[in-house]
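There are 2 protein chains.
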Amino acid sequence: MPRAWITAFLRTPLHLNKVIARSSCSLIPGEPTAPCLKTEIPGPNSKRLFKEMNCIQQAGTVQFFANYDKSLGNYIVDADENVILDLYMQIATMPLGYNHPAMLEVFCDKHNLHALVNRPALGVYPSEDWPRKLRDVLLNVSPRLPHVTTMMCGACSNENAFKQCFMAYRNRERCPPGSFTEEEKTSCMTNCPPGSPDLTILSFQNAFHGRTLATLSATHSKAIHKLDMVAFKWPMARFPQYCYPLDEFKCKNSEEDEKCLAQVEDILCQYKKGNRPVAGIIIEPIQSEGGNNEASPCFFQKLQKLAKQYGAGLIIDEVQTGCGASGKMWCHEHFNLECPPDIVTFAKKMQISGYFHTEEMTAKETYRIFNTWMGDPGKVLLLEAILKVIQKDNLLCLVQKTGQKLKCGLLELEREFCFLLDSTRGIGTLLAVNCTTPQLRDEVLKCLKQKGIQCGGSGTRSIRLRPALILQEQHADIFLDRFRSVLQCIK
Amino acid sequence: MPRAWITAFLRTPLHLNKVIARSSCSLIPGEPTAPCLKTEIPGPNSKRLFKEMNCIQQAGTVQFFANYDKSLGNYIVDADENVILDLYMQIATMPLGYNHPAMLEVFCDKHNLHALVNRPALGVYPSEDWPRKLRDVLLNVSPRLPHVTTMMCGACSNENAFKQCFMAYRNRERCPPGSFTEEEKTSCMTNCPPGSPDLTILSFQNAFHGRTLATLSATHSKAIHKLDMVAFKWPMARFPQYCYPLDEFKCKNSEEDEKCLAQVEDILCQYKKGNRPVAGIIIEPIQSEGGNNEASPCFFQKLQKLAKQYGAGLIIDEVQTGCGASGKMWCHEHFNLECPPDIVTFAKKMQISGYFHTEEMTAKETYRIFNTWMGDPGKVLLLEAILKVIQKDNLLCLVQKTGQKLKCGLLELEREFCFLLDSTRGIGTLLAVNCTTPQLRDEVLKCLKQKGIQCGGSGTRSIRLRPALILQEQHADIFLDRFRSVLQCIK
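Protein chains in written order, with numbering that gives the first Met the number 0: chain A, 0 to 490; chain B, 0 to 490.
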């Protein structure tokens, strides 16, 4: 059934005639056609609210306060009525932008409302339709993995992925699998081996996997995240650092892959010898927080082979990259892996968090992977609505198209301002470009915001785009246009 | 404004005339008046659904599938139309039972619906009314602590409580506070000291604080939770094990307190000497998963003194005990502590998770306590409705009254069946009674379920009650009546 709002009326503001003339109509009826600022950002209302909030908790990270009644589509409206084009979308969590009609409808359905307010302990008293939701909503978009376990957030999903790797590793050493010795049962109660074994998780330089203490031990993006925090002494390998454009540096980048893989193999070998074997390897398809760093399909293919060779589970962390932002449902699907990873974790745009997994990574005994809530049915209902819109509106195609437009535009800007920008990179709309210095990056982000464009930072000097899947060409045009004018001012 | 449903019509089933004759009317209009079974539990529909779910994930913990459209008040209806009186309430998470009118109303409000579907990154782009919600909803019920930080689940709240303790401990050693050395900044990136220090968290035997790897290191209730899991080598002290009734064993139990406190002091001292100082002590006011174990106000008062003396933060984990179930908002308020604990964590009945904290336990720098979502505004809106009902219907008083009734009834049964039951204990409705053996406990729980009563287990041989705050005398009567008949059959 075609929805009226898909063919919504295109309003054209005077000052954007040139840009909008080229654009097709918005997917969201009534969406603003351009940013519109009334004050600087943050404005006086945001500044006042900031003071209130900072008395209650550390609020120094707040950029502005928002009005979620007025925000719509790709535009967020702040507490001072500034209308901002949002290419960062709540740290990559909003697939359909703000107030999408399909999202607003979900809880008008009484059955769904009951599922929301009667939130069960899903591992003990799930609702009658929970198995069907797991199958028809979640497994329906699984990257070829037959099992799924839901959790509350990305960090918890990665924590449980680690646990699955530890169990699988130890189970392979047991004869028969699942037989625990009395010594194991007693020693684990006081955190001692053999019950609490000295297994490790291998992660990569600049990786980000969460901020609980175990996922933080696998995170290596910024010191301020890790200072003073007790950590597991787990190993870290170099993540490839490529030269751009990729076409020009094929040989050099391929050597970089080999160097990093050699280090991975060395660690796997040394840690096995040292009786601290690597039970799991965790990696992002594109390092997001750590600098939007890509690695090649070849790198991932060889990494998977090494993981198998040394008996380590391969965990692909798709918390930020999953749910369509790469133009495929899962970013690692661009890598043509021989077989699926052992575990793929998700959260953010998926609303519900959790992980897809192989049969081997499924707990054999009860209560080993368990907690009170085991996720939240309300979030799966939102995901169900999101996936329907993705399909109906062919949003994966739109992401490819808008992503291409954005990437070409960034490359053009890079050529035009080669003394300010470099290394445009990414897949789909998971894009970034480097500024020559961290100071310049911060300045550009600030200027963009004062022109009504919200982007994110990443690594030390990257500008990161993480728009909604409903970002269209006209939005890309506005962004590129304003980015150019910012760079012109700086120049 | 008095609601019509408070004076709802009392329906009286024939076979319960004797019991119901004494009861007042239900707080929930249309609530069933008694359990009503059509099949054994789990019935054929639950069994069929179990098979479906077990293909997708480890589902061995599922007791039955529920119909959340039909469940109401204290009664859960399963997939086979069995009506069960629920004294366990989704592992203690449902303060107002099922489908409470006030909960169903929350998202009929459009502003609230927008807050639900436009879920922001609360640390960066909170809504205009977020500071007010933090203050008027959360701080309004704070146990004398001026700050609150929200999270996604109980385990994440405890993880971040640990982080606060580590930061506070290290900050006290720094001169000036907040000045990080270059060595710290570099070493933390590879999980090495001094940036990643060797601080510890002290927890107690039989404690349960979560299943992420750090909280699991502070959890010591069952081996199956911990086997094969990598753990921090943190210390554990004995939690008091009392003899019951408390009045009869005052002297012995007081000696038990002193023994346990001596061990705590010994650990604090030894770990400081061993350069692995204890930065935080985490404890439940009543150990829930580990056996519904109580400790005296005196024990907690002295524990707080020791924590202060050795510079460790005192974390009271109120995830299961908070939000009114003890007859006070927070269970530790029964202990008359000289000053508030450093941190009080919450989740479950509160819907939103997080922790209240002192000024010292507030991060001074940005991005040290941070994650994408930092909680969920939709859950705070539900909590707001819950707290209004708690106040309006005077539910803390009801908990005291129903709790007293339940406890007296359990003590009576204990006298009547002294060869089957012992050690009735607890505060408010956070109650438990022991069976003489684990096998008997499991048998009793099974029989109770076949009589339409859902309770929980705890420790090795305890029956645990964790009902909603709306449990009334008539529900207590039904439970006690059926418990007696189960015990009579077993006898």
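Hints in this document: simulated from the structure, not taken from any laboratory. Do not take every clue at face value.
It does not matter which identical chain is used: a pair holds within one copy or between any two.
As the list claims (entries may be wrong) - In silico DMTMM-like links for lysine to aspartate or glutamate, alpha-carbon gap of 20 Å or less:
1. LYS109 to ASP68
2. LYS304 to ASP441
3. LYS46 to GLU181
4. LYS232 to ASP197
5. LYS69 to ASP128
6. LYS232 to GLU182
7. LYS232 to GLU254
8. LYS37 to ASP256
9. LYS46 to GLU127
10. LYS450 to GLU358
Here is what the structure says about each hint:
no., hint, result
1, LYS109 to ASP68, "between (22 Å within a copy, 8 Å between copies)"
2, LYS304 to ASP441, "neither (40 Å within a copy, 47 Å between copies)"
3, LYS46 to GLU181, "neither (60 Å within a copy, 33 Å between copies)"
4, LYS232 to ASP197, "both (10 Å within a copy, 11 Å between copies)"
5, LYS69 to ASP128, "between (34 Å within a copy, 14 Å between copies)"
6, LYS232 to GLU182, "between (24 Å within a copy, 17 Å between copies)"
7, LYS232 to GLU254, "neither (29 Å within a copy, 40 Å between copies)"
8, LYS37 to ASP256, "neither (49 Å within a copy, 64 Å between copies)"
9, LYS46 to GLU127, "between (48 Å within a copy, 11 Å between copies)"
10, LYS450 to GLU358, "neither (51 Å within a copy, 37 Å between copies)"
Of the numbered hints listed earlier, those contradicted by the structure are 2, 3, 7, 8, 10.
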